[in-house]
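Protein sequences appear in the order of chains U and S.
Read the first sequence against this note's numbering and you will find it ends at 505, with the numbers running on by one and no gaps.
Read the second sequence against this note's numbering and you will find it ends at 505, with the numbers running on by one and no gaps.
Source of the hints: derived by calculation from the structure; they are not laboratory data.
Keep in mind that a hint or two might mislead.
The list makes no distinction among identical chains, and a pair is therefore deemed to hold if it is satisfied within one copy or across any two copies.
[Unchecked claim] List of simulated lysine to any residue pairs, SDA-like, C-alpha gap at most 25 Å: (1) K319 - L356; (2) K367 - D419; (3) K387 - A316; (4) K371 - T233; (5) K367 - S331; (6) K319 - N391; (7) K367 - A253; (8) K336 - D377; (9) K407 - Q240; (10) K236 - W216; (11) K410 - I226; (12) K387 - K486; (13) K367 - G349; (14) K256 - N444; (15) K474 - E220; (16) K358 - I443; (17) K336 - K362; (18) K305 - G215; (19) K211 - N399; (20) K236 - D470; (21) K287 - G247; (22) K410 - V195; (23) K414 - V202; (24) K236 - S291; (25) K474 - V352; (26) K319 - A388; (27) K256 - W288; (28) K286 - H210; (29) K410 - V199.
For reference, the chains in residue letters:
Protein chains: 2
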Amino acid sequence: MSTLCVPSQVPSVAEDCEQLHKAFSGWGTNEDLIISILGHRNATQRKLIRQVYAETYGEDLLKALDKELTNDFERVVLLWTLDPPERDAYLANEATKKWTSSNQVLVEIACTRSPKELLLAREAYHARFKKSLEEDVAYHTSGDFRKLLVPLVSSYRYSGDEVNLTLAKTEAKLLHEKISEKAYSCDDVIRILTTRSKAQINATLNQYKNEFGNDINKDLKADPKDEFLDILRATVKCLVCPEKYFEKVLRLAINRRGTDEGALTRVVATRAEVDLKIIKDEYHKRNSVPLDRAIAKDTTGDYEKMLLALIGHEEA
Amino acid sequence: MSTLCVPSQVPSVAEDCEQLHKAFSGWGTNEDLIISILGHRNATQRKLIRQVYAETYGEDLLKALDKELTNDFERVVLLWTLDPPERDAYLANEATKKWTSSNQVLVEIACTRSPKELLLAREAYHARFKKSLEEDVAYHTSGDFRKLLVPLVSSYRYSGDEVNLTLAKTEAKLLHEKISEKAYSCDDVIRILTTRSKAQINATLNQYKNEFGNDINKDLKADPKDEFLDILRATVKCLVCPEKYFEKVLRLAINRRGTDEGALTRVVATRAEVDLKIIKDEYHKRNSVPLDRAIAKDTTGDYEKMLLALIGHEEA
Chain U
190 MSTLCVPSQV
200 PSVAEDCEQL
210 HKAFSGWGTN
220 EDLIISILGH
230 RNATQRKLIR
240 QVYAETYGED
250 LLKALDKELT
260 NDFERVVLLW
270 TLDPPERDAY
280 LANEATKKWT
290 SSNQVLVEIA
300 CTRSPKELLL
310 AREAYHARFK
320 KSLEEDVAYH
330 TSGDFRKLLV
340 PLVSSYRYSG
350 DEVNLTLAKT
360 EAKLLHEKIS
370 EKAYSCDDVI
380 RILTTRSKAQ
390 INATLNQYKN
400 EFGNDINKDL
410 KADPKDEFLD
420 ILRATVKCLV
430 CPEKYFEKVL
440 RLAINRRGTD
450 EGALTRVVAT
460 RAEVDLKIIK
470 DEYHKRNSVP
480 LDRAIAKDTT
490 GDYEKMLLAL
500 IGHEEA
Chain S
190 MSTLCVPSQV
200 PSVAEDCEQL
210 HKAFSGWGTN
220 EDLIISILGH
230 RNATQRKLIR
240 QVYAETYGED
250 LLKALDKELT
260 NDFERVVLLW
270 TLDPPERDAY
280 LANEATKKWT
290 SSNQVLVEIA
300 CTRSPKELLL
310 AREAYHARFK
320 KSLEEDVAYH
330 TSGDFRKLLV
340 PLVSSYRYSG
350 DEVNLTLAKT
360 EAKLLHEKIS
370 EKAYSCDDVI
380 RILTTRSKAQ
390 INATLNQYKN
400 EFGNDINKDL
410 KADPKDEFLD
420 ILRATVKCLV
430 CPEKYFEKVL
440 RLAINRRGTD
450 EGALTRVVAT
460 RAEVDLKIIK
470 DEYHKRNSVP
480 LDRAIAKDTT
490 GDYEKMLLAL
500 IGHEEA
């Protein structure tokens, strides 16, 4: 479900490195060359490029990119070039340091990645920041948000498909009870959402709908100004239908006055190799405009070109 | 710091398996033979034995042992034979299912293992129980105990030695403040104990002592009947001086009317390959009796022989 286009004949890593080095040399930077290489290599290839580049030129490729590029284009190239676990660690750290109750990046990383991927991100966090992710999240958040976010980022959910239907019924009832009492941050709601496997949560939420008529997220919309409810709904969506969650992030990023480049860049860079194809389809269905056209309309220059390359736009 | 004695010339794995199989054959069981093999092989060797045994005889060695052995001897041999992460998963599951507020096994597993070992135990828990450890802990506990135990078993602490002294001072003060207010289960106390690295916690508790005169565990003794305080003190001990924690578990297991075989078996089986040598020294210092003599006095038969073999008693 990746949108990335890797050419059938990929140049050698050494050649890619040489071309990149050339793109940085002399006056000005050859952005098109950078896009034509990095925008068309998968994670394993990019990792190798970074390694060989450092060995050959004695400089981290990310440092070189940082010196040569600017603004949104720089950010998308840097995020994209990072190894996925390292990228998640980086985004999570950023989200933690400038955390506000409306910031859903931590939920996104904790819930849309596989349990194993989340662990790898936590490992990368240790290596890069000499601290643990949960330690920073616990330190920078408070109240109900802390109560939800710390177990979310600490979870190592079971990833099998087995489902306990009896449990699903009991916990659907329990969720409904607590939501009816507006006890949104009570221990049980948090426990179910932060520890059960995704398959189990999906079964529980299906039961919820069967038994009580509404999607749980509809019932979690009681107070549209309550940011804790927003984050609970994001948690549910990230766990059971990540592609819909990401479609909405893109929709809000594009459809507002002045594009939200931060969100746009993040979604494209983190999902291109995962499920961006499905997200694109969702986007088209929901907005009656293909995602590439919407992006082309809202962005310009090298930033636009890099985004289009990553979302698999034919001409990019 | 292991007490295990592995002979310098170890028979081939096939030979070990054949001998074990022989020990189970015919009328009665040759317990001495079992002890002479399993009581003198390290984790890697035992894992191989289990693997080759299953391939050769079409039966899991643990099943065979389970059929042949009984009572305390069975339990120590089974626990010992399990691969360490699987053993931790098994013990944690047992502790969760029959959890009571005085049960400290979860704290022990969460805090005396390295962060990486705890992760491996969580992985083994998935494989064996088709659920996550934190999910079971959250489900079977409640109140303050849940508030402490879930993040403890979910933690993946940073394991580097770096220490932030400014932070240690701030958090020592914060801990002292909360403990003075008897707010033992407040968010900050839990956050510090469940997320900071062991090195950082050690620095914080040193600051605590320097600044406020007492060991934190002394201040956590305000109410000797409060089981939450017991578990907080166990958490602190397991994090900063596991060998003292285990010495006390052994002391209490041995010095009571009727030995606590459960605790004795668990400590010997889980620590023999880790730090039982240090624990033995602590025990001798604290009780003026060598551990092997104390064990020999309190136990009998094959159980005694197996324990003595694992704690490195010369004649075993």
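Evaluated hints:
Taking identical chains as interchangeable, the C-alpha atoms of K319 and L356 lie at most 25 Å apart only when they sit on different chains, with a minimum of 14 Å there against 39 Å within one chain. When the C-alpha separation of K367 and D419 is checked against a cutoff of 25 Å, the pair qualifies only within one copy, where the shortest distance is 17 Å, while the shortest distance between copies is 32 Å. Taking the shortest Cα distances, K387 and A316 sit within 25 Å of each other only across copies (16 Å), while inside one copy they are farther apart (28 Å). In this homomeric assembly, K371 and T233 never come within 25 Å of each other (Cα to Cα): the closest approach is 47 Å inside a single copy and 53 Å across copies.
For the identical chains of this complex, K367 and S331 are neighbours both inside a copy (21 Å) and across copies (16 Å), given an alpha-carbon limit of 25 Å. Taking the closest pair of Cα atoms, K319 and N391 come within 25 Å of each other only across two copies (16 Å); inside a single copy the shortest separation is 35 Å, beyond that limit. Taking the shortest alpha-carbon separations for K367 and A253, neither the intra-copy value of 53 Å nor the inter-copy value of 48 Å comes in at or below 25 Å. With identical chains, the CA atoms of K336 and D377 are at most 25 Å apart both within one copy (12 Å) and between copies (12 Å).
When the C-alpha separation of K407 and Q240 is checked against a cutoff of 25 Å, the pair qualifies neither within a copy, at 48 Å, nor between copies, at 52 Å. Taking the closest pair of Cα atoms, K236 and W216 never come within 25 Å of each other, the shortest separation being 27 Å inside a single copy and 61 Å across copies. Taking the closest pair of Cα atoms, K410 and I226 never come within 25 Å of each other, the shortest separation being 45 Å inside a single copy and 63 Å across copies. In the homo-oligomer, the alpha carbons of K387 and K486 never lie at most 25 Å apart, since the shortest distance is 36 Å inside one protomer and 52 Å across protomers.
For the identical chains of this complex, K367 and G349 are neighbours neither inside a copy (27 Å) nor across copies (41 Å), given an alpha-carbon limit of 25 Å. For a Cα distance limit of 25 Å, the shortest separation of K256 from N444 qualifies neither inside one copy, at 32 Å, nor across copies, at 68 Å. Taking identical chains as interchangeable, the C-alpha atoms of K474 and E220 are never at most 25 Å apart, the minima being 33 Å within one chain and 70 Å between chains. Proximity of K358 and I443 under a CA criterion of 25 Å is satisfied in neither setting, with 39 Å inside one chain copy and 46 Å between copies.
When the C-alpha separation of K336 and K362 is checked against a cutoff of 25 Å, the pair qualifies both within a copy, at 22 Å, and between copies, at 23 Å. For a Cα distance limit of 25 Å, the shortest separation of K305 from G215 qualifies neither inside one copy, at 43 Å, nor across copies, at 47 Å. In this assembly of identical chains, K211 and N399 lie within 25 Å of each other by CA distance neither inside one copy nor across copies; the values are 61 Å within and 58 Å between. In this assembly of identical chains, K236 and D470 lie within 25 Å of each other by CA distance neither inside one copy nor across copies; the values are 29 Å within and 49 Å between.
For a Cα distance limit of 25 Å, the shortest separation of K287 from G247 qualifies neither inside one copy, at 33 Å, nor across copies, at 58 Å. Proximity of K410 to V195 under the C-alpha cut-off of 25 Å is found in neither arrangement, the shortest distances being 42 Å within a copy and 64 Å between copies. Proximity of K414 to V202 under the C-alpha cut-off of 25 Å is found in neither arrangement, the shortest distances being 51 Å within a copy and 66 Å between copies. For the homomeric pair K236 and S291, neither the shortest alpha-carbon distance inside one copy (33 Å) nor that between copies (49 Å) is at most 25 Å.
With identical chains, the CA atoms of K474 and V352 are never at most 25 Å apart, being 31 Å at best within one copy and 52 Å at best between copies. In the homo-oligomer, the alpha carbons of K319 and A388 lie at most 25 Å apart only across protomers (12 Å), although the nearest pairing inside one protomer, at 33 Å, exceeds that limit. Taking the shortest Cα distances, K256 and W288 never come within 25 Å of each other, neither inside one copy (27 Å) nor across copies (57 Å). In the homo-oligomer, the alpha carbons of K286 and H210 never lie at most 25 Å apart, since the shortest distance is 33 Å inside one protomer and 59 Å across protomers.
For the identical chains of this complex, K410 and V199 are neighbours neither inside a copy (49 Å) nor across copies (67 Å), given an alpha-carbon limit of 25 Å.
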